[in-house]
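J.: Protein chains in written order, with the numbering used here: chain G, 14 to 291; chain C, 318 to 656.
No lab work stands behind these hints: they were computed from the structure. Any given hint could be a false lead.
As the list claims (entries may be wrong) - Over the 12 Å line for every Cβ pair with chain C, so calculated as not near, a few chain G residues:
(1) T41
(2) R66
(3) I69
(4) M90
(5) L110
(6) R112
(7) P132
(8) N152
(9) R200
(10) L205
(11) G207
(12) V211
(13) T239
(14) A261
(15) L264
Claimed, not checked - Label pairs and their computed distance ranges (CB to CB):
(16) V433/C x N152/G: 49 to 57 Å
(17) L549/C x Q233/G: 57 to 65 Å
(18) T151/G x G601/C: 23 to 31 Å
(19) P51/G x G557/C: 45 to 53 Å
(20) R404/C x F147/G: 17 to 25 Å
(21) S193/G x G383/C: 48 to 56 Å
(22) L379/C x T70/G: 28 to 36 Å
Stated by the list, open to error - Covered stretches of chain C (in silico footprint by chain G; criterion: 3 or more residues with CB under 8 Å from a CB of chain G, positions within the stretch not fixed):
(23) 441 to 454
(24) 609 to 615
All C-beta atoms in this analysis are idealised placements derived from N, C-alpha and C, irrespective of residue type, glycine included.
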Amino acid sequence: MSRSPSRGKRIGVSVAGLAMAAAFAFPTYWMISTSLKPRGDILTSGYDLIPTRLTITHFLDAVEKPGFGIYVRNSLMVTLGALVLALITGLLAAIPLSRMRFRGRRGFLMLVLCAQLAPFEALLIPMYLLMRRFDLDTNLVSLVLIYFVTTLPFTAWTLRGFITGIPADLEEAAQVDGASRWGAFWRVTFPLLGPGLVATSIYGFITAWNEFLYAFVLMQDSSHYTLPVWLATFQTAFGTDWGGAMAASTLFTIPVLVFFLLVQRNLVGGMTVGAVKG
Amino acid sequence: MSTETDAVRPGRNTVPAVRDQRARPVPPPPAGRVRGRRHRRGSVRRQSLPYLLLAPAVLAMLALLGYPVVSVAVTSFQKLDLGELIRHQTVWVGLDNYREILSDPEFWTITVRTLVFTATCVAAIMLGGLVAAELMRHAGRVVRVIMQLALLLAWAMPIIASTTVFQWVFDQNYGILNKTLIALGFHGFVGYNWFSTGLSTMAIIVLLIAWQGVPFAAFTLYAALLTAPAELYEAAGMDGAGPWQTFRAVTWPVLRPIVMITVFLEILWDFKVFTQVWAIRSGGPDGGSTTLSVLQYLDGISGHHYGVAAAVSVLMILIIVLVTAQYVRLLVRTQEVDI
Chain G
14 MSRSPSRGKR
24 IGVSVAGLAM
34 AAAFAFPTYW
44 MISTSLKPRG
54 DILTSGYDLI
64 PTRLTITHFL
74 DAVEKPGFGI
84 YVRNSLMVTL
94 GALVLALITG
104 LLAAIPLSRM
114 RFRGRRGFLM
124 LVLCAQLAPF
134 EALLIPMYLL
144 MRRFDLDTNL
154 VSLVLIYFVT
164 TLPFTAWTLR
174 GFITGIPADL
184 EEAAQVDGAS
194 RWGAFWRVTF
204 PLLGPGLVAT
214 SIYGFITAWN
224 EFLYAFVLMQ
234 DSSHYTLPVW
244 LATFQTAFGT
254 DWGGAMAAST
264 LFTIPVLVFF
274 LLVQRNLVGG
284 MTVGAVKG
Chain C
318 MSTETDAVRP
328 GRNTVPAVRD
338 QRARPVPPPP
348 AGRVRGRRHR
358 RGSVRRQSLP
368 YLLLAPAVLA
378 MLALLGYPVV
388 SVAVTSFQKL
398 DLGELIRHQT
408 VWVGLDNYRE
418 ILSDPEFWTI
428 TVRTLVFTAT
438 CVAAIMLGGL
448 VAAELMRHAG
458 RVVRVIMQLA
468 LLLAWAMPII
478 ASTTVFQWVF
488 DQNYGILNKT
498 LIALGFHGFV
508 GYNWFSTGLS
518 TMAIIVLLIA
528 WQGVPFAAFT
538 LYAALLTAPA
548 ELYEAAGMDG
558 AGPWQTFRAV
568 TWPVLRPIVM
578 ITVFLEILWD
588 FKVFTQVWAI
598 RSGGPDGGST
608 TLSVLQYLDG
618 ISGHHYGVAA
628 AVSVLMILII
638 VLVTAQYVRL
648 LVRTQEVDI
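Make a model of the complete structure from these sequences and hints.
T.: Here it is, written out as C-alpha cells:
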C-alpha cells in the first residue's frame, strides 16, 4: 500500500468537497444574484442560474422604502450599545476571575458559566412583563439591556480565558519595574487581549444584530423596528417583490460578512478556544 | 487527556480534586492576612477590589436574568391575563396552569414534535459538520480554502436573511428548487407548495437550521482533527487499516470530547429556537410547525395568557436545565473548565 492516498480517492474528496462548498455558498449566491436581476427576470418560469441582465434598482427600492434609514439606525444603536456595555462589564469581571484570589471565586465562575447557557428565549414572558412594568416595552433601551445581558456571560467567560492564557509573570515583571497594578494590566496584558476582544465583539455583534424574538415582541411600533423585524415582515413590506427582499437581505448581510472576512483567522481560533476550551 | 480524566473519575465527586489542583500554584492565604493586619486600609481595599470589579456584571445578571427566572416560576402559578395585568391584580391559582397544559393533547404533540425536531437538527448538524471537517482535512489546499470560504459565507449570513432566502428558494411558483425539478423532468412540481403540510415545513426548517449550524460544527471539529497525531495515521495506514477502522481507532478518540461538547451546545441551541420557525410560516400550516417556543409566544404574547405561557416556559426551562447540568458535568469531568 502506498503512503500517499490514491488518485481516485483524492479526486473523490475534491469532488465531494466542492459539492459541499457549492451547497453552502448557494444561498448567498442566490440572494445576491436575485437582488441584481431585473424584476421581469425574477418572476418568470424561465430557467437562469446565472443572471443575464443586471440592475441595482432593487437596492435603490429597498433603501428608499419608508423607514429603512430608521431601521438601520435602530439596529446599529442597540447592537453597538449592547456591545460596548458587554465589553466593559465583561472585561471588568474577567480580571478578578482570572487574576485574583478571593472568597467565592468558584461560585462566581459557576454563575457566569450557567448564565452563559441561560435560555433567554424561554424567559420571554417575565422579560416582557418586566420591561412593561418599567415602561420600556416600547423603548430601544430594553433591547440594549437584553442584548447586553445575553452577551455578557460569554464575553466575561471568554475574556477570562484569554487573560488566563497571558502569563501573569509579564505583569509581575512590570510591577517589579515600578508599574502600578493597573498600569501593569493596562500596558502589558490589555494590548495582548486583541484576539479575545475581537472574538467577543464578533459574538456580541452577531447576536444582537441577528436577534429577532425580543425585537419582534417588544418593538410594536414600526418606528422602533430593527432590521430583522423589518425583514421578517417583508411579505407585507415587499409582497412578491423577491428582488427587493433579496436586496434588503444582502444589505443586512454585508456588515456581518465584512466583519467575518476581516477577522476570520482570529474567529475560528477565538471561538473555539474561548467558547469550548473555557 | 485520558489520564487526567481517569484521575478525577474514581471519586465521582470531582470537586475536591479540582479544587486541590487549583490551590497548588497559589500561595496560601494566611500570609496575606498577616500582611493585611499591618496595612489595614490598603488590605480592605485590596480585598474588596475583586467584588467591586465583579459588581456590574453580577448586578446585571441578577436583575435581567435572575429576576426573570424567579418571576417566570412565580407567574406560572398565577392567573395572569390582560385584565389582571392592567389592573395589577395577583390571582393565585396553584397548579391550574400546569393542569391545563398537561391535560391538553396538543401540548404533548408539540412537545414530541419539538424533541424530534431538536434531535433531527443536532444529528444533521453533527453529521454535516463531521463530513465537512473530514473533507477539509483530506482535501488539497485549493479545495480546502474554497470549502472554508463557503462555510464562512453560510455562517456569516444573518438568520433572518438566510430564512428569507430559503423561502425564496422554496417558493411555490418561481422558486429555483421547483424550477430545477421541473427542468429535470419532474412535472409534478409545477406550482408545488412545500409549505402545505407541517411535516414538510418542519423538514425545510431543519434543513435551514442545519445549513446555518454546520459551519460552526465543521470548524470546531476540523480544529480538533488537526490535533490528531499524524504518526498514528501513518501507523494505521502501514497496518493496512481501512478508512472506517482508521476513523474508529485514531480519529474518534481525539474527536470524542469535542463532539460531546458540541452535541450538548447544539441541543441547547436548537431546542429553544424561535426565529426560524416563526419566520418561515409562523408555526403553520394549521399549527403543524409549532414548537414549544412558538407555543409560548402564542399563549403569552398573542393570547395574553401570561400565566399559562409562563408554565410552558417553566417546562421548557426544566428540560434545558436537565441538559445543561449534564453539559456542565461533562465540562468539569473532562477538565475543559478549570474551575
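J.: All hints, please: hold or fail.
T.: Going through the hints against the structure:
1. In this structure T41/G is not separated from chain C by more than 12 Å, as the shortest Cβ-Cβ distance comes to only about 5 Å.
2. Listed as outside the interface, R66/G is consistent with that label: its C-beta sits roughly 17 Å from the nearest C-beta of chain C, beyond the 12 Å cut-off.
3. Against the 12 Å criterion, I69/G stays outside the reach of chain C, whose nearest CB is about 18 Å from its own CB.
4. For M90/G, the condition that its CB be more than 12 Å from all CB atoms of chain C holds, with the nearest at approximately 17 Å.
5. With a closest Cβ-Cβ approach of about 8 Å to chain C, L110/G is found to fall inside the 12 Å limit, against its non-interface label.
6. At roughly 9 Å from the closest C-beta of chain C, the C-beta of R112/G falls inside 12 Å, breaking its exclusion from the interface.
7. With a cut of 12 Å on Cβ distances, P132/G falls inside the contact zone with chain C, its closest approach being about 5 Å.
8. Taking the minimum C-beta to C-beta distance to chain C, about 15 Å, the non-interface status of N152/G holds against the 12 Å cut.
9. Every C-beta of chain C lies more than 12 Å from that of R200/G, the closest at about 18 Å, which supports listing it as non-interface.
10. Every CB of chain C is more than 12 Å from the CB of L205/G (nearest about 19 Å), matching its label as outside the interface.
11. Separation of G207/G from chain C is adequate, the least Cβ-Cβ distance of about 20 Å exceeding the 12 Å criterion.
12. Distance check on V211/G: its Cβ is at least 15 Å (rounded) from any Cβ of chain C, clearing the 12 Å threshold; non-interface status holds.
13. At the 12 Å boundary, the C-beta of T239/G falls inside the reach of chain C, the nearest C-beta of that chain being 10 Å off.
14. A261/G, annotated as away from the interface, has a beta carbon of chain C within 12 Å; the closest lies near 8 Å.
15. Distance to chain C contradicts L264/G as a non-interface residue, since its nearest Cβ pair spans about 9 Å, not more than 12 Å.
16. Evaluation of the 49 to 57 Å hint for V433/C and N152/G yields a failure: the beta carbon distance comes to about 39 Å.
17. Between L549/C and Q233/G the Cβ separation comes to about 59 Å, which falls inside the hinted range of 57 to 65 Å.
18. Checking the proposed 23 to 31 Å range against T151/G and G601/C shows it holds: the Cβ atoms sit about 28 Å from each other.
19. A hinted range of 45 to 53 Å is violated for the C-beta pair P51/G and G557/C, which are about 60 Å apart.
20. The hinted window of 17 to 25 Å between R404/C and F147/G holds, with their beta carbons roughly 18 Å apart.
21. Roughly 35 Å separates the CB atoms of S193/G and G383/C, a value that falls outside the hinted 48 to 56 Å.
22. For L379/C paired with T70/G, a C-beta distance near 51 Å fails the hint of 28 to 36 Å.
23. Residues of the region 441 to 454 of chain C with a Cβ under 8 Å from some Cβ of chain G number 4, which satisfies the need for three, so the listed coverage holds.
24. Three residues within the 8 Å Cβ limit are the bar, and the region 609 to 615 of chain C against chain G gives 3, so the coverage statement holds.
Hints 1, 5, 6, 7, 13, 14, 15, 16, 19, 21 and 22 from the list above are not met by this structure, while the remaining hints are.
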